[in-house]
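Chains as they are written, first to last, in the numbering used here: chain A, 1 to 257; chain B, 258 to 553; chain C, 554 to 884.
Keep in mind the hints are simulated off the structure, nothing from the lab. Among the hints, erroneous ones may be present.
To be verified - Heads up, simulated BS3-like pairs for lysine-lysine below, C-alpha to C-alpha not over 27 Å straight-line:
hint	chain 1	residue 1	chain 2	residue 2
1	C	K689	B	K378
2	A	K59	A	K166
3	A	K59	A	K10
4	A	K182	A	K212
5	C	K841	B	K378
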Amino acid sequence: MALLQTVDLKRYFGETRAVDNVSLSIEEREFVSLVGPNGAGKTSLINVITAHLTAESGKVLFRGQDITHASVTERVRAGIARSFQIVNLFDDLSAFDNVALAIFSREGKTARLGALAHLDQAVTAEADGVLGQFGLAAKRHDSARDLAQGERKLLDVALAYALRPKLLFLDEPTSGVSTRDKGQIMDTIASVVRGEGITAVIVEHDMDVVFKYSDRIVVMAQGAIIAQGTPDQIRSNEQVAMTLLGTSGPDAFTRKD
Amino acid sequence: MDILAIQVLNSIFYAAVLFLIAAGLSLIYGVMRIVNLAHGTFYALGAYVSAWAVGAVFGAAATGGLALAGQLLILPVGALAIAAVGALIEPTLLRPLYRRPEEYVLLITFGLLMILEDVMKLVFGGTPLSAGSIMDRMGSIPVGRLLYPTYNLVVIAVGIIAAAGLWWFIYRTRFGVILRATSQDRRMASALGLNVGRVYVQAFAIGCFMAGLGGAVIVPAQAAVLGMGIDALILAFVVIVIGGLGSLEGALVGALIVSSVRTAGVQFFAEIELAVLYLIAAAVLLIRPTGLFGRA
Amino acid sequence: MPAASTGPSLPLVLAGALPIVAVLALLPGVVDLYQTELLIYGLTFAIAALGFNLLLGYTGLLSFGHSAYFGMGAYTVAFIVRDLHVQSMELCILGALTGTLVISALFGYVCVRHTRIFFGILTLALSQVLWSLAFKFFWVTGGTDGIRVARTGITLLGGLVDFKGSGSYQRFVYSYYYYVLALFIVATALMWVIVHSPFGKALQAIRDNEVRAAFVGIRVRRYRWIAFVISGLFTGLAGALWVPLNGLTTPDILYWPFSGEIVFMTVLGGFRTFTGPIVGAIAFNYLKVYAVASSHYWQLVLGLVLVFLVLALPQGIIGTLARAAARLRRR
Numbered sequence: 001m002a003l004l005q006t007v008d009l010k011r012y013f014g015e016t017r018a019v020d021n022v023s024l025s026i027e028e029r030e031f032v033s034l035v036g037p038n039g040a041g042k043t044s045l046i047n048v049i050t051a052h053l054t055a056e057s058g059k060v061l062f063r064g065q066d067i068t069h070a071s072v073t074e075r076v077r078a079g080i081a082r083s084f085q086i087v088n089l090f091d092d093l094s095a096f097d098n099v100a101l102a103i104f105s106r107e108g109k110t111a112r113l114g115a116l117a118h119l120d121q122a123v124t125a126e127a128d129g130v131l132g133q134f135g136l137a138a139k140r141h142d143s144a145r146d147l148a149q150g151e152r153k154l155l156d157v158a159l160a161y162a163l164r165p166k167l168l169f170l171d172e173p174t175s176g177v178s179t180r181d182k183g184q185i186m187d188t189i190a191s192v193v194r195g196e197g198i199t200a201v202i203v204e205h206d207m208d209v210v211f212k213y214s215d216r217i218v219v220m221a222q223g224a225i226i227a228q229g230t231p232d233q234i235r236s237n238e239q240v241a242m243t244l245l246g247t248s249g250p251d252a253f254t255r256k257d
Numbered sequence: 258m259d260i261l262a263i264q265v266l267n268s269i270f271y272a273a274v275l276f277l278i279a280a281g282l283s284l285i286y287g288v289m290r291i292v293n294l295a296h297g298t299f300y301a302l303g304a305y306v307s308a309w310a311v312g313a314v315f316g317a318a319a320t321g322g323l324a325l326a327g328q329l330l331i332l333p334v335g336a337l338a339i340a341a342v343g344a345l346i347e348p349t350l351l352r353p354l355y356r357r358p359e360e361y362v363l364l365i366t367f368g369l370l371m372i373l374e375d376v377m378k379l380v381f382g383g384t385p386l387s388a389g390s391i392m393d394r395m396g397s398i399p400v401g402r403l404l405y406p407t408y409n410l411v412v413i414a415v416g417i418i419a420a421a422g423l424w425w426f427i428y429r430t431r432f433g434v435i436l437r438a439t440s441q442d443r444r445m446a447s448a449l450g451l452n453v454g455r456v457y458v459q460a461f462a463i464g465c466f467m468a469g470l471g472g473a474v475i476v477p478a479q480a481a482v483l484g485m486g487i488d489a490l491i492l493a494f495v496v497i498v499i500g501g502l503g504s505l506e507g508a509l510v511g512a513l514i515v516s517s518v519r520t521a522g523v524q525f526f527a528e529i530e531l532a533v534l535y536l537i538a539a540a541v542l543l544i545r546p547t548g549l550f551g552r553a
Numbered sequence: 554m555p556a557a558s559t560g561p562s563l564p565l566v567l568a569g570a571l572p573i574v575a576v577l578a579l580l581p582g583v584v585d586l587y588q589t590e591l592l593i594y595g596l597t598f599a600i601a602a603l604g605f606n607l608l609l610g611y612t613g614l615l616s617f618g619h620s621a622y623f624g625m626g627a628y629t630v631a632f633i634v635r636d637l638h639v640q641s642m643e644l645c646i647l648g649a650l651t652g653t654l655v656i657s658a659l660f661g662y663v664c665v666r667h668t669r670i671f672f673g674i675l676t677l678a679l680s681q682v683l684w685s686l687a688f689k690f691f692w693v694t695g696g697t698d699g700i701r702v703a704r705t706g707i708t709l710l711g712g713l714v715d716f717k718g719s720g721s722y723q724r725f726v727y728s729y730y731y732y733v734l735a736l737f738i739v740a741t742a743l744m745w746v747i748v749h750s751p752f753g754k755a756l757q758a759i760r761d762n763e764v765r766a767a768f769v770g771i772r773v774r775r776y777r778w779i780a781f782v783i784s785g786l787f788t789g790l791a792g793a794l795w796v797p798l799n800g801l802t803t804p805d806i807l808y809w810p811f812s813g814e815i816v817f818m819t820v821l822g823g824f825r826t827f828t829g830p831i832v833g834a835i836a837f838n839y840l841k842v843y844a845v846a847s848s849h850y851w852q853l854v855l856g857l858v859l860v861f862l863v864l865a866l867p868q869g870i871i872g873t874l875a876r877a878a879a880r881l882r883r884r
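Make the full structure from the sequences, and use the hints.
Structure (structure tokens):
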């Protein structure tokens, strides 16, 4: 049974077909890259799957359960988490507090009014652990607003990761980051994700990154999936090269420098 | 039957005034994404200034058709004065706060509300100020076997003209296009060379003008009293909740609904007609949060 | 090596709080009766502002209708004393809290479905409903005359302390001062724990980014509602404590300018800090007494000060001091 399955998922904005009859399957422990030109519907698809947007028709099944009408928090509790393309953090809280909050929420401890948050050893230790895994340990007391852009992107992912999800959606985790930092960020993310066997779907534009890390690549254009397969299959797929790069041929995806 | 006709006319009359206030509020929000808590107070100020201007210029002694025409022309003075006040306030008090969280704009307009309420008390005193001589002089028109003040019909006409005028202005003129562009995407408008600052102050002034005009037209029928501002503010908000924020049609329809409920309420369940209105507003917010015509 | 703590150090907090408590406890011995009485007012407003700021500073919701809960607390006590002939202040407080609980739960349910502007206006409108009810049903509420609550009819500590007989006014002021001070300390400690709890962190997350808060699994609307109710309860307690001191409750306490005063106090002290609202409330109390005494148009004065605060000193008194201290520390 696939971990996640969408069946004929549709979401239109008037004339625009943001998500056009998308049927997608994600297996456990897969590292899937979702690629496509701007406006292809990648973020919209994630938004519909995570309930940030409602689907007009179609179904979303998670571990066999129909979650099409579940709320955002219900899906989070079921084990789906996501990061955001435009960084979405709790800016006035420290990096530590950001992560700790996700853990408190996961543990159901946010309902506690009578206990002091910073005295919870278990959560403190785990939050520090997560910050360490993402290389943010030194910044634990800095407020999220004061972090560098690359660090903010990592924190955004760390927040989603701290929920210990079964399925993690990462929306352009390296966008807006300098090329030098990109590799570092992706390495961090990939090692954490692979190390723990988390199923991940990542939206990415950098094809080098995509080919390097993915088990499977799903190519979207104009709201629909036009191709999917292993990196090798996609590399040699002419239609995909045409859509993404405007040229085709055996060397289309090779960097010429 | 005649009584019904009178009540209907009253509803429309009151709706005209509510529309002026609510449309101004909605316009400001639509373009600038801010809410001016002192908007109702501007309405009150418009009423006071107009009543004062009419009384000061003509006095009770003036007679004749010419005097009446003069008085009617003076009424909009209140509206223009408020527009001027708005044009002063936006660049000095509001503009420094646009980058900050929106609580600050609410707080400063609340401070403005407190200042203006007391300024009105200071300048005009506690006694109601009326321009009732206009209404008396215009006489009444028979409606069936009853008489209805002609002035009220003038106000209804003003309301209709204002609605049509505003619609034409926003959708048919170049400035209206600029207004709509700025409201949809401020940065883009700026990048295209539009002077956003100027658009903002103009939009704010127009919104304040509408509130002042509402005060100006109501004061011959209803004297200006302290506290009318807050009541108007809350009613304007009920109109906007029902009609939808940022929508002209919404302000019109909302004004008609609120006015009708209030007129019926005063007839049948006075004392709690306001509570009934608030409950309707709460119900609308629960069922259809964006209002009838509002954008999401 | 254990990493540095992520929260306030309890010994440090106590070290800061105890001297202040000591000063407050010794004050009546040093100042005159009138000043003591003024301070009681200040402390009750501080409790109200503390409650209000849970919504504003910590949850990001600006309410313009908190007079509703203060007034509910005050009027409930007045009803209990007048109609149920209860004398125990403790029972009165319990009754006031119950009444406020109902009203804030109800109003909160409607209001938290909306944010920003609509939230503010809804809170204002609902408090006006309460005001108009108090005003119009005058045969129940005493209308503009209000309801008197004489201190001679009140007992503290379950009847141990009463205020009948000669010299009772002086006794009342001193006993009531310590009573209110004790409750103020309890309320402050309670609020301190709440804002530093996981729940408090969740509220701050909602304030900072409600979308992300939902995506982290927090039920935003429900938490806002709980914060609203807690906020209302604190303010209702303040109202309940205020009325025996004032001797009278009138619809003025439900009218929108009083909501404005609560907002003002909190902004004056600094709504992004914990102690700001307390300092702001006490300072405001003195400011208002001075303004009312010197001018009939004190609302104008307050409005001007608020405008000045927003433009020049948005952090408020405590916030600005904290900023300055942080800058000194960095040098």
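Outcome of the hint check:
Annotation: proposed proximity of C/K689 to B/K378 holds, straight-line Cα distance about 24 Å (limit 27 Å). Between A/K59 and A/K166 the CA atoms are separated by roughly 19 Å; this keeps the pair inside 27 Å, and the hint holds. Of the pairs offered as hints, the one joining A/K59 and A/K10 holds, with about 9 Å between alpha carbons and a cut-off of 27 Å not exceeded. Distance check on the hinted pair: A/K182 and A/K212 sit about 13 Å apart at the alpha-carbon level, within 27 Å; holds.
A distance of roughly 18 Å separates the Cα atoms of C/K841 and B/K378; the hinted pair therefore holds under the 27 Å criterion.
In summary, the structure agrees with every hint in the numbered list given earlier.
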